[in-house]
Structure formats: C-alpha cells, structure tokens
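> Single-letter residue listing:
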Amino acid sequence: DTGVSQDPRHKITKRGQNVTFRCDPISEHNRLYWYRQTLGQGPEFLTYFQNEAQLEKSRLLSDRFSAERPKGSFSTLEIQRTEQGDSAMYLCASSHQGGSGNTIYFGEGSWLTVV
Amino acid sequence: TQLLEQSPQFLSIQEGENLTVYCNSSSVFSSLQWYRQEPGEGPVLLVTVVTGGEVKKLKRLTFQFGDARKDSSLHITAAQPGDTGLYLCAGYRDDKIIFGKGTRLHILP
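Listed in order, the protein sequences are those of chains A and B.
For the first sequence, the working numbering assigns the number 1023 to the initial residue and increments by one for each residue that follows.
For the second sequence, the working numbering assigns the number 1373 to the initial residue and increments by one for each residue that follows.
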C-alpha cells in the first residue's frame, strides 16, 4: 500500500501523559499536513511542512504540541501533558507541490482518547 | 466564522431518491475538493475541481464548481445505501485546504 500511513491508529492515555503520532506520507510527496478532527466537525488545520521546513502553524497548535519532519520524509506529532480536550482524531495528509489541482491525500487517522 | 458553509448538515432520504449538497463561501479558491469519510476513517478524495464552471461526473455523483470559484455542489442520482457517509468539501487556499463541517448523509433502504 503506497498511501499515507499513520501509527498508532488508536491511543488511550491518561491526562498529563505525553503521546507521539507518526505519519509516513506518500513517497515523493514534498508537503505534509497535520489536521485535527473532533466529532461533528470537519478537519481543522494544525500545521504543514514542505520537505523538512515547517512553514505554517495554526493558532490551534498550543505550545504543548510539536511537530517535526527531520529528513523531509516521515513526520511526528507530539502532544505533551495531554488534556481531555486533546481527545480527537489526528489526521495526516500529503501532497506534491505543483500537482494537479493541489490534491491532498489523507491517512486513516490516529484516534486519541485522553482519560 | 466558517470559511466554507455546507448545507444541509444532515440529510436522510430513501434509496432511489436524488439529492444535492451545497458548499458555499465568500472567498475564492484555486481548487475545491470533495471527500467522503466513514466513521473512524480518514477522508477519501472523490474529486478535485479547478476551473470555474467545471462539471465532473463520478458514476452517479455529479460535482460542479461555481463560475466564480466560490462555491460547489454535489448531486447524487438514485442514492444507494452505500452512499451513506460524511461528505466534506474543502477549498485549497494559501497552500493548505480548509474544510467545511460536512454533510452527514443517510440513505434508507
């Protein structure tokens, strides 16, 4: 399968713990995006990378959140000192800049439940 | 303020009926995409429209991009229970896509 893959698919953690999600984009896609989705809402933009550079961060991304893409391939999203309000599905997506219609492809998401 | 407004938010209709879902904005987008999402899964791309006035067909689904590239519609002909799901429109702007809240569609057998 050559789509966007995310790991883990599900994570249950206690409030105050740190969690890390990994995303492997489609091969040769130079852009990688993170979104967050809560029940009843569409996905909300968090941040995106072009190669290894983080080009934009949403105001939704508090200082407890950090994303990296060290070699311009896979990316990690870490949440420190988790809160119950962090419970959501975290979606990763990738695209090729200049591709037809700026199409962005999503992974299956990582569900986070903070108890 | 939601940049992309989708209507209706919920729609439940009988199998075989036709339906239209709308996606509206006051902003211009360089392209607009429609996704379908199943519970617990990521959005799956259905179509990308790029040119104002463009119409694309995907079997029983017809997508249209407004002439001014501010709005779009999705029309489903003879809806099937397998069409049930969350339909999301998303506009490409400033190097990222912005989503509407989605239309939750339920087709009754």
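Keep in mind that the hints are not guaranteed to be accurate.
Claimed, not checked - When the alpha-carbon atoms are kept at most 30 Å apart in a straight line, the in silico DSSO-like pairs for lysine-lysine are as follows:
1. B:Lys1431 x B:Lys1442
2. B:Lys1442 x B:Lys1428
3. A:Lys1036 x B:Lys1473
4. B:Lys1473 x B:Lys1428
5. B:Lys1473 x A:Lys1033
6. B:Lys1473 x B:Lys1431
7. B:Lys1473 x B:Lys1429
8. B:Lys1473 x A:Lys1079
9. A:Lys1079 x B:Lys1429
10. A:Lys1079 x A:Lys1033
Unchecked claim - Residues from chain A shown here face chain B by an in silico Cβ test under 10 Å; the list is partial:
11. His1032
12. Ile1034
13. Gly1038
14. Gln1076
15. Leu1082
16. Leu1083
17. Phe1087
18. Pro1092
19. Phe1096
20. Thr1098
21. Gly1107
22. His1118
23. Tyr1127
24. Phe1128
These are calculated hints, taken from the structure and not from any lab test.
From the three backbone atoms N, C-alpha and C, an ideal C-beta is built for every residue, glycine too.
> Hint by hint, note whether the structure agrees.
Hints, one by one, checked against the model:
{"no.": "1", "hint": "B:Lys1431 x B:Lys1442", "in the structure": "holds (24 Å)"}
{"no.": "2", "hint": "B:Lys1442 x B:Lys1428", "in the structure": "holds (16 Å)"}
{"no.": "3", "hint": "A:Lys1036 x B:Lys1473", "in the structure": "holds (29 Å)"}
{"no.": "4", "hint": "B:Lys1473 x B:Lys1428", "in the structure": "holds (22 Å)"}
{"no.": "5", "hint": "B:Lys1473 x A:Lys1033", "in the structure": "holds (24 Å)"}
{"no.": "6", "hint": "B:Lys1473 x B:Lys1431", "in the structure": "holds (25 Å)"}
{"no.": "7", "hint": "B:Lys1473 x B:Lys1429", "in the structure": "holds (23 Å)"}
{"no.": "8", "hint": "B:Lys1473 x A:Lys1079", "in the structure": "holds (21 Å)"}
{"no.": "9", "hint": "A:Lys1079 x B:Lys1429", "in the structure": "violated (35 Å)"}
{"no.": "10", "hint": "A:Lys1079 x A:Lys1033", "in the structure": "holds (24 Å)"}
{"no.": "11", "hint": "His1032", "in the structure": "holds (9 Å)"}
{"no.": "12", "hint": "Ile1034", "in the structure": "violated (14 Å)"}
{"no.": "13", "hint": "Gly1038", "in the structure": "violated (26 Å)"}
{"no.": "14", "hint": "Gln1076", "in the structure": "violated (12 Å)"}
{"no.": "15", "hint": "Leu1082", "in the structure": "violated (13 Å)"}
{"no.": "16", "hint": "Leu1083", "in the structure": "violated (13 Å)"}
{"no.": "17", "hint": "Phe1087", "in the structure": "violated (17 Å)"}
{"no.": "18", "hint": "Pro1092", "in the structure": "violated (21 Å)"}
{"no.": "19", "hint": "Phe1096", "in the structure": "violated (17 Å)"}
{"no.": "20", "hint": "Thr1098", "in the structure": "violated (18 Å)"}
{"no.": "21", "hint": "Gly1107", "in the structure": "violated (19 Å)"}
{"no.": "22", "hint": "His1118", "in the structure": "violated (13 Å)"}
{"no.": "23", "hint": "Tyr1127", "in the structure": "holds (6 Å)"}
{"no.": "24", "hint": "Phe1128", "in the structure": "holds (4 Å)"}
In summary, the numbered hints that this structure violates are 9, 12, 13, 14, 15, 16, 17, 18, 19, 20, 21 and 22.
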